[in-house]
Amino acid sequence: MAVRARHFVRLKLRLLANGLRGRNSRVVLFVLGVLLGLIAAFSGYLIFSLPGILGEQRPAEVLLPLGGALIVLGWLFLPLIFFGVDESLDPARFALFPLPRATLLRGLFAASLAGVPAIATFVATLGMVHAAAALGGFGAALTELAGVIGGILLCAALSRAVTSGFATALRSRRARDLATVAFAGTAALLGPIQLGALAAAQRADWRGVGRVVDVLAWTPLGAPWSMGLDVAAGRAAVVPVKALIVVGSIGLLMWWWSGSLERAMVGAAGGSGKRESATSQRPPVAQLIPRWLPRSRFGALAAREMRYWWRETRRRATLITFSVVGIFLPILVATGSESSGPPGAMLVFVAALAAVSLANQFGFEGSAYAANVVAGVPGRIELSSRAAGYSVYVLPALFLMALIAGLVVDSPAAVPALSGTIFAAYGVAMAVVMPISVRAAYPLPDSTSPFAMSSGGGMAKGLLSFLALVGATIATAPLQIAAFLLGDIWLWIGLPVGLAYGAGAFALGLHLTAPVLDRRIPELLATVSATR
Amino acid sequence: MTVPLQRESPDPALALHGLIKRFEAKVAVAGIDLDVPQGSFFGLLGPNGAGKTTTLSMAVGLLRPDGGQARILGYDVWADPVAAKSRIGVLPDGVRLFDRLTGSELLAYHGLLRGMDATVVDQRAGELMDVLELGAGNRTLVVDYSAGMKKKIGLACALLHAPRLLVLDEPFEAVDPVSAALIRGILNRYVAGGGTVVFSSHVMAVVERLCSHVAIMAEGRIRVHGTLDRVRGDRSLEEVFVEVVGGRTATGSELSWL
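Chains B and P, in that order, give the protein sequences. Heads up: the first sequence begins at 20 in the working numbering, then just goes up one per residue. Heads up: the second sequence begins at 20 in the working numbering, then just goes up one per residue.
Hints were generated in silico from the structure; no laboratory data involved. Careful, some of the hints might be misleading.
Only some residues are given here: those of chain P computed to face chain B with a beta carbon under 8 Å [said to hold, decoys possible]: (1) L81; (2) A127; (3) L132; (4) A137; (5) D141; (6) L201; (7) N207; (8) H221.
Derived list of chain B stretches under chain P, where covered just means 3 residues or more per stretch with a C-beta under 8 Å from a C-beta of chain P [to be verified]: (9) 59-69; (10) 300-312; (11) 320-330.
With the C-beta cut set under 8 Å, the calculated list includes, among others, these residues of chain P facing chain B [what the hints assert, rightly or not]: (12) R83; (13) Y128; (14) R133; (15) G134; (16) Y164; (17) L206; (18) V225.
Each residue gets a CB set at the ideal place from its N, CA and C atoms; glycine is no exception.
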């Protein structure tokens, strides 16, 4: 019997169902994910069908490609930053089966479409079909439907190709830096587009936005979503060209994915390659612990965390993604908006994003945590050392971000106060994240891809991140208000107040979470080492 | 390395009473009572899925039992975990090490985690790396070690703080004969010096060669236990094992297509 794509889809659904069996918390998360998906789907449908219902052709021509392009970008960046990729069908697991690559590729692709995100996107974009039908009748609707389906295929192909390619690149040491640069470059390329759009929107210059979108509609980002409207406007001749753009992009992405898929499959069997370097004559403790850390339990734990944030691909990917996002986001927002206020809110978001990386801090190493359990590490030392190990990387990065943000808005005097805000937000977010990491840990699959999540895991990750973000934003609101009310005085006291606020929040979070961890150590170990 | 001095005390090295563990509907361990005398070399035998790993995990504080008690040298593992855990060295099976560290870093990590002095850690870690032929200056990450080397570095981590009791889950699995002989030698010396070893295995030859005491587990229960000679009688341990576990013997008619 020939293996077909539907077998992969069935396998994925079976894995999902088995993963939910007998695990109430996962069922709750899954239902919540479906609900959020439904909400997104129907609000998207409403927004996209609105210009059609009102019978307005031009707004539709702006809204549909623009909204569609945002959806594509969402598919590209959200898995990298928030959700990870549902890789319950890890390509490496198929390495031993006699499957032609094309079959495998088709199957994995079909399976990646069988999920809440793809279905929600489809329902939302059906609103575009509705709009096209209202504006141009049956022919336009049919064309738009074809376009929308092409668009979703494009989204999935893009998301798969990029995460897989990035993951492959991250695995080897030399390519890693290249991948960082490439990712940063991509993010940087988005800048001009966003700048144009934001600048135009600021001046409420719809004609300006319209011009940008008209160009956008000819790129793979916007082409799939605008086909039906071209028919409605009597430009049916351009549809084949746009179809070619879409199909061609999907083809290219699949070709790229296919290449990195091969490497992912071989990589799993071949190991990560020997990384032997010169032998070291230093005594073991000096090899582990840098000179400025105490040679104690805390020092050992923190030093191990530091090593892990760099040596483990999953964590390294998190770290790199955060750095790139953290540096580009404030710049984009600061240069895009014409209001001259320092981008404090954006920095709070970035700091919370940094802390969110720890939301599943025990899940990263899985069963290896047993070593700490056997040694009986107290919860307070465990949590504080993990925070310290991560902060070694994050605190300088956060300061750099505050510096950049301050310079971009052309107010160097605001840098200390901005640093205060960002440190406060980081401390607060850590306090929010610590209990989450103890109570809501989840296992990560033993996969070759640093973005891989087991079924349902993506929802957990996304939801926990969101909770932490909201929590941190609310908890730093007093500082934002103080900054607003105090004006110039804040520039002087912002840094010490922010530092104290962040440190206080962290200490409180630690004080409250450590006893919880002490009580739950075996349960936590069982949760993160579950591979069944 | 220094072997701890035998302290005369009436408590068994490891005492399990009525340990129970259920996973969802399945009962993995169905009430285990076991005393491991101090200074013994104790083999826990059983077929795959008998509950050996589950039992040992509960005994060392990695897995919370649904019922029953585990005491190490008189200290309750679940009521007084710090006192109990500081007296044991554990080599879990099927558990990852912190494998993004080099061997030396991993040993230093374990030593400091146990609250040892840095100079003692340095000295013992170097010695262990040397004796176990892992190469003291080797900068290879543990993740790139072979399966046998991983077992050896795991054993080194368990030995580093010179515990009174060693609990080893499948210490000889995936280990080549040369390394196995080395490990046997180290463990024999450790027991001769007054330490106690509890290990699980399903390799009869190893158990017969090493152990003073054995227990055979099947389906979550201890079926037979006692000194090796008492359990074995005048038969081979393998015969006793197959009889106790109730294995199926091939008649030769199955799998005729092979």
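A quick look at each hint next to the structure:
Taking 8 Å as the C-beta contact cut-off toward chain B, the hint placing L81(P) at the interface holds, the least distance being around 6 Å. Interface restraint check: A127(P) against chain B, minimum CB-CB distance 4 Å, threshold 8 Å, status holds. At about 4 Å, the closest approach between the beta carbon of L132(P) and any beta carbon in chain B falls short of 8 Å, and the interface hint on this residue holds. A distance limit of 8 Å between C-beta atoms decides the matter here; for A137(P) the minimum to chain B is near 4 Å, and the interface restraint holds.
Because the beta carbon of D141(P) sits about 4 Å from the nearest beta carbon in chain B, less than 8 Å, this interface hint is met. Interface hint at L201(P): violated, since its Cβ lies 20 Å from the closest Cβ of chain B, which is beyond the 8 Å cut-off. Checking N207(P) against chain B: minimum C-beta separation of about 24 Å lies over 8 Å; hint violated. Annotation: interface hint on H221(P) violated; nearest CB of chain B at approximately 21 Å, more than 8 Å.
With a threshold of 8 Å between beta carbons, the proposed coverage of the region 59-69 of chain B by chain P is violated, since 0 of its residues qualify and at least three are required. With 8 residues carrying a beta carbon less than 8 Å from a beta carbon of chain P, the region 300-312 of chain B meets the three-residue requirement, and the given coverage holds. Counting residues of the region 320-330 of chain B whose beta carbon lies closer than 8 Å to any beta carbon of chain P gives 6, which reaches the threshold of three, so the coverage claim holds. Interface restraint check for R83(P): the shortest CB-CB distance to chain B comes to about 4 Å, inside 8 Å, so the restraint holds.
Given hint, Y128(P) at the interface with chain B, holds; its Cβ is 5 Å from that chain's nearest Cβ, closer than 8 Å. The beta carbon of R133(P) is positioned within 8 Å of a beta carbon in chain B (closest approach about 6 Å), and the interface hint is therefore held. Among the interface hints, the one on G134(P) holds; its C-beta lies about 6 Å from the nearest C-beta in chain B, closer than the 8 Å criterion. Against a cut-off of 8 Å between C-beta atoms, the interface hint on Y164(P) is violated, since the closest Cβ of chain B lies about 10 Å away.
About 19 Å separates the beta-carbon of L206(P) from the nearest beta-carbon of chain B, more than 8 Å, and the hint is not met. The interface hint given for V225(P) is violated, since its Cβ lies 24 Å from the closest Cβ of chain B, which is over the 8 Å cut-off.
Hint compliance for this structure: hints 6, 7, 8, 9, 16, 17 and 18 are not met, and every other hint is.
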